Structure formats: C-alpha cells, structure tokens
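Need the complex rebuilt from these two chains, each delivered in its own frame; the hints are there to steer you.
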Amino acid sequence: MKFSKDYVLFCHITTQIEGEKHGDLLEKKGGQGFPHIVFMDADGNVLAEHQGERTADGFSKTGQKAKEFVTLKAKAEKGDKAAKIDFIIAQLSMGQLKPSEAEAKIKEAGTPTKEQQEKLDGELVNASVIDALKGVEDDEGAKAVGKKFYDMEKAGKKGPTGDQAIQPYYILMMRAAEEAKDAAVFEKALNTLKKKFGDNPNAKRFFDANEKKLVEMKKK
Amino acid sequence: MKKQMVLAAALAVAMGSAAFGQSLEEKRDKKLASPFLKKAAWTTDYDKALEESKKTGQPIFGYFSRSYAP
Chain A
1 MKFSKDYVLF CHITTQIEGE KHGDLLEKKG GQGFPHIVFM DADGNVLAEH
51 QGERTADGFS KTGQKAKEFV TLKAKAEKGD KAAKIDFIIA QLSMGQLKPS
101 EAEAKIKEAG TPTKEQQEKL DGELVNASVI DALKGVEDDE GAKAVGKKFY
151 DMEKAGKKGP TGDQAIQPYY ILMMRAAEEA KDAAVFEKAL NTLKKKFGDN
201 PNAKRFFDAN EKKLVEMKKK
Chain B
1001 MKKQMVLAAA LAVAMGSAAF GQSLEEKRDK KLASPFLKKA AWTTDYDKAL
1051 EESKKTGQPI FGYFSRSYAP
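Protein chains in written order, with the working numbering: chain A, 1 to 220; chain B, 1001 to 1070.
Chain B extracted, bound-state conformation (with noise of 0.2 Å):
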C-alpha cells in the first residue's frame, strides 16, 4: 500500500513537472490546436483578418482569448 502511495505520488509529480515545463510556444500550439478552431473558418492571423475585411466588406468578429494560462 505504502509502495503504491509512494508510486503515485512520484508519478503526480512528475506530471506536474511536465505540465510546469511546457515551454510558451508548445502551450500556443496546444491552443491553436483547439476544435472550436476547426468547427468554423477562423483565422489567427491579424493581418489576414484585415485584408479579408477589407475584400468582403464584412466586419471582424474578433475574440481574444490567451494560451499562458488555462
């Protein structure tokens, strides 16, 4: 019993360790990989949002949302 207690303890913590060393970059990736990105035609790039803007007319529906922090 003792042995699991321990075991699970060492895997928690290396799990926190893991998610603690998540650099930025792979923590946007994960982010930008979210489905709600794929359910519709969403850009993530600003520039590209104005020039379309700027083509079709239509405003832009802008929701900012951050990948740092959950």
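Okay, chain A solo, but in the shape it has when bound (with noise of 0.2 Å):
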C-alpha cells in the first residue's frame, strides 16, 4: 500500500480514562467529531484536515497539500525569499497564523510580488471571516455577524473564498440582507453559493427555498 509508505501513520483512541497521557489530543487537534482525520508536521501542527471521501484517493490528495506545505516550510527555511512570503500565506491559510501576525511577519519578510498580495489579501479576509465566525455561539451572535457580513458586502468589500468560509459568510450575508429587505444583496450571495455549490444534490432544497424567498423579495 503505497499511502501507507509517504506517511507516518498514527492512530488515536479517546479513551475516557483519567490522566491517560494526550487524552485531550483530539480537542487540541481542532476535533469536534469522530473520526476526525488531520495531517501533520513533525511537530504536530496540523497542516491539512480531511473532509472528502475516506479512500486511499481521498486521503492522498489532501496529504498532498499537507506534502506542498513541509515542501514549502524547508525552501523557506534555507532562505529563499518568495517561500517565505508563500510560507506565511500557507500558514495564515490553515490557521497557524492570525492575520495580524501575518501582517507582521511578511513586513519582515519583504515585498510580495503582485500575485503574492493578491494570494495574501484574499487568505487575510478567509481568515478574518473564520475569527468572526469563531465568536458565534448562539443565533443572536449569528445574526450580528451576519450584519456585519452584509456592511462588508455593501461597502463593496471583497468576499470569502476559502472552503471553509464561503457558505457561512454568505448564507449569514442572506439572513441579513433579507431583514433589510435587500433582494439585490440576497440575489448576489445567493448566486455566488450556487456557483459553488449548485451542482451539490444535497444543497437543492435550500437553493428552491430561497429562489422562492427571493422572488418574494423582489415583489415587495
């Protein structure tokens, strides 16, 4: 099995059991749920989760980015400048790194070329809509960053593009927009979730109610 090959693999078991070392492994992972599948670096950091299908396929191509990431780590470390930059972006990608800190650390870095600040200003609002998010813990929180979604898109803002931020960002951008009886905004966050994941047989019941809400939205 060649997977088993490119990879140290390592299998954790939440036990329960009192004082069982790294029982809380699985939490400090970012684990909600079982199984929960993550790739790793040699000192743990987690470098790419698994969200697709549980074969050896799926498996290998998220492992690939996990395999560009170390890659991409090691050229930045011998010194080589573009890594660096690109190395930051990865970091700030998955987290390891808050915007800010990001900031930071390309002024120390240098320059990004065009492509590098436009790669950084799309991964810095991903990640400023994942902290936002990060903060909701009931509707009332949903509802205000909602609000806040539907300001960004109205001062003309650039959206989300990261898997992880797209559907939230919009569909909270939704809810806004219909309680300010927005349909051009609705219609807009509407049709970008569509160009993403209209194609999504599980997604069609919420695409026909809201393309029912919108036409509704439109009469008034």
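Honestly, the hints are just simulated from the structure, not real lab data. These numbers were taken from a predicted model, which means no experiment stands behind them. Where a beta carbon is used, it is the ideal one built from N, C-alpha and C, also for glycine. Be careful, since some hints might not be right.
Straight-line C-alpha distance at most 20 Å; calculated EDC-like pairs for lysine to aspartate or glutamate [as the list claims (entries may be wrong)]:
#	chain 1	residue 1	chain 2	residue 2
1	B	Lys1048	A	Asp24
2	B	Lys1055	A	Asp41
3	A	Lys21	B	Glu1026
4	B	Lys1054	A	Asp6
5	B	Lys1055	A	Glu77
6	A	Lys29	B	Glu1025
7	A	Lys219	A	Glu178
8	B	Lys1055	A	Glu68
9	A	Lys28	B	Asp1029
10	A	Lys21	B	Glu1052
11	B	Lys1038	A	Glu49
12	A	Lys21	B	Glu1051
13	A	Lys73	B	Asp1045
14	A	Lys78	B	Asp1045
15	B	Lys1031	A	Asp163
16	B	Lys1031	A	Asp24
17	B	Lys1054	A	Glu178
18	A	Lys73	B	Glu1052
19	A	Lys2	B	Glu1052
20	B	Lys1039	A	Asp6
21	A	Lys29	B	Asp1047
22	A	Lys21	B	Asp1047
23	A	Lys29	B	Asp1045
24	B	Lys1054	A	Asp43
25	A	Lys67	B	Glu1052
26	B	Lys1027	A	Glu18
27	A	Lys2	A	Glu77
28	B	Lys1031	A	Glu18
29	B	Lys1039	B	Asp1029
30	B	Lys1054	A	Glu68
31	B	Lys1027	A	Asp24
32	A	Lys154	B	Asp1029
Covered, in the sense of this in silico footprint (three residues per stretch, anywhere, with C-beta under 8 Å from a C-beta of chain A), are these stretches of chain B [to be verified]:
#	stretch
33	1049 to 1059
34	1063 to 1070
One-sided and incomplete, this derived list gives chain B residues near chain A with beta-carbon spacing under 10 Å [said to hold, decoys possible]:
#	residue
35	Leu1024
36	Glu1025
37	Lys1027
38	Lys1031
39	Ser1034
40	Phe1036
Here is the structure:
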C-alpha cells in the first residue's frame, strides 16, 4: 500500500480514561467528532484536515497539500525569499497565524509580488471571516456576524474564497439581507453560493427555498 | 415456551450488563486490537509518531477514533 509508505500512520484513541497521556489530543487538533482525520508535521502542527471521501485516493489528495506545505517550509527555512512569503500565506490559510501576525511577518520577509499580494489579501479575508465565526455562540451572535458580512458587502469589500469561510459568510449575509429587505444583496449572495455548490444534490432544497424567497422579496 | 422466553430475557440482561460493565480500559484494549491497526504500520503513540516524522521527514496521517462508545 503506497499511502502507508508516504506517511507516518498514527491512530489516536480517545478513551475517557482519566489521566491518560495525550487524552485531550483530539480537542487540541481541532476535532469535534469522530473520526477526525488530519495531516500533521513533525511538531504536531495540523497541515490539513481531511474532509473528503475516506479512501486511499481521497487521503492522498489531502496529503498532497500537506506535503507541499512541508516542502515550502523547508525552502523558506533555507532562505528562499519568495518561499518565505508563500509560507506565511500558507500558514495564514491553515489558521496557524492570525491575520495581524501574518501581516507583521510579511513586513519582515520583504515585498510580496503582485500575485502574492492578491493571494495574501484573499487569505486575510478568509481568516477574518473564520475569526468572526469563532465568536458565534447562539442565534443572536450569528445574526450580528451576518450583519457584519452584509455591511462588508455594502462597502464593496471582497468576500472570502476559502472552502471553510464561503458557505457561512454568504448564508449569514443572506439572512441579514432578508432582514434589511435587500433583494439585490440576497440575490448576489445566493448566486455566489450557487456557483460554488449548485451541483451538490444535498443543497437543492436550500437553493429551491431561497429562490422562492428571492421572488417574494422582489415583489415587495 | 414461557420458560424459553424467560431464559432468553435473562440471557439478554446478562449480556447487556456484561457490555455495560466493561471498563474503559477494556474498551480501549478492544479498540487497540482492531484488525485495521494490524494491516499497516500504525502507531498509537503520539510521541513516537512525532519522532518518526522528524526522522523520516514524512508528514503524519492522524486518525482520531474513540473507544468509550461504538
């Protein structure tokens, strides 16, 4: 089996036995349910979380991202200036750095190319959305964050592009747009979601219901 | 017939209580004996996994499971 030769295979079992060494490892690695599957570096940093199909091919795809990260890290550590900036952007995208930390590190590392700057700007948006969502504990919190996303859209700010951020960002924005009776923003958010998830049969009900809602909003 | 039903019920209760009575340690050991862990070179020791990753330069594939519930 090739996969098993490319990675160190580690199985952690949460036992609920008091005092067991690394008993809280699942929580430390961001897990909330079972199974939780991640790729980590030699320091235990999570490089990628696997959320796709649980097959050797599926694991390999996620593993590839982790390997690229390790290669980039090595290149950056050897002093490659471009790799240093790419590595900071990659750390930001994985949640290993907060937006402010990434910005400070970039300043130290040098001037990003136009391409790197665009990527950095995109990742900063993704990270700030994920950061805002972390504070949500109840429906009121979700409503407040949705209003924030709605205001960002009204101010002409770019939305997130990352898989983790895009869905909650636009769904919560739609709720705020509905409350504000703003069919234009509602439609824009809905279309963005359709572009990304329109092919997903599980999302059909969501899209059908919101298409109807949009028609109603436009009538008013 | 009635006797058989009573016996079956008694057996079910006994089996149930045995399962409930299994300690967390026993449940962990049962999980550790899972066939999938024997099919490849898995380690269940986190420190060893980190050490091995440092030595080989290979990333760690971490699979998190539980033993206290099915």
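> When you check the alpha-carbon spacing of Lys2/A and Glu77/A, does it fall within 20 Å?
Replying inline: 29 Å, violated
>> Hint check: Lys1054/B vs Glu68/A, CA-CA at most 20 Å. Holds or violated?
In response: Roughly 16 Å between the alpha carbons, so the hint for Lys1054/B and Glu68/A holds.
>> Checking one constraint from the list: CA of Lys1054/B to CA of Glu178/A, max 20 Å. Satisfied?
In response: Between Lys1054/B and Glu178/A the Cα gap is close to 52 Å, so the pair fails against 20 Å, i.e. violated.
> Regarding the hint that Leu1024/B lies at the interface with chain A, is the smallest CB-CB distance below 10 Å?
Replying inline: Cβ of Leu1024/B sits 5 Å from chain A, so the hint holds.
> Taking 20 Å as the top limit, are the C-alpha atoms of Lys1038/B and Glu49/A close enough?
Replying inline: 24 Å, violated
>> Min Cβ distance, Glu1025/B to chain A: is it shorter than 10 Å?
In response: This interface hint holds because 6 Å falls under the 10 Å limit.
>> With the threshold set at 20 Å, check whether the alpha-carbon distance from Lys78/A to Asp1045/B stays at or below it.
In response: 31 Å, violated
>> Holds or violated: Lys1027/B and Asp24/A, Cα atoms, limit 20 Å.
In response: 18 Å, holds
> Has the given pair, Lys21/A with Asp1047/B, been kept, meaning a C-alpha gap of at most 20 Å?
Replying inline: 10 Å, holds
> How about Lys1027/B: closest beta carbon in chain A under 10 Å, or not?
Replying inline: 7 Å, holds
> Taken at face value, is the distance from the CA of Glu77/A to the CA of Lys1055/B at most 20 Å?
Replying inline: Between Lys1055/B and Glu77/A the Cα gap is close to 18 Å, so the pair holds against 20 Å.
>> Hint check: Lys29/A vs Glu1025/B, CA-CA at most 20 Å. Holds or violated?
In response: 23 Å, violated
Consistency with the previously given hints fails for numbers 6, 9, 11, 13, 14, 15, 17, 27 and 32, ordered from lowest to highest.
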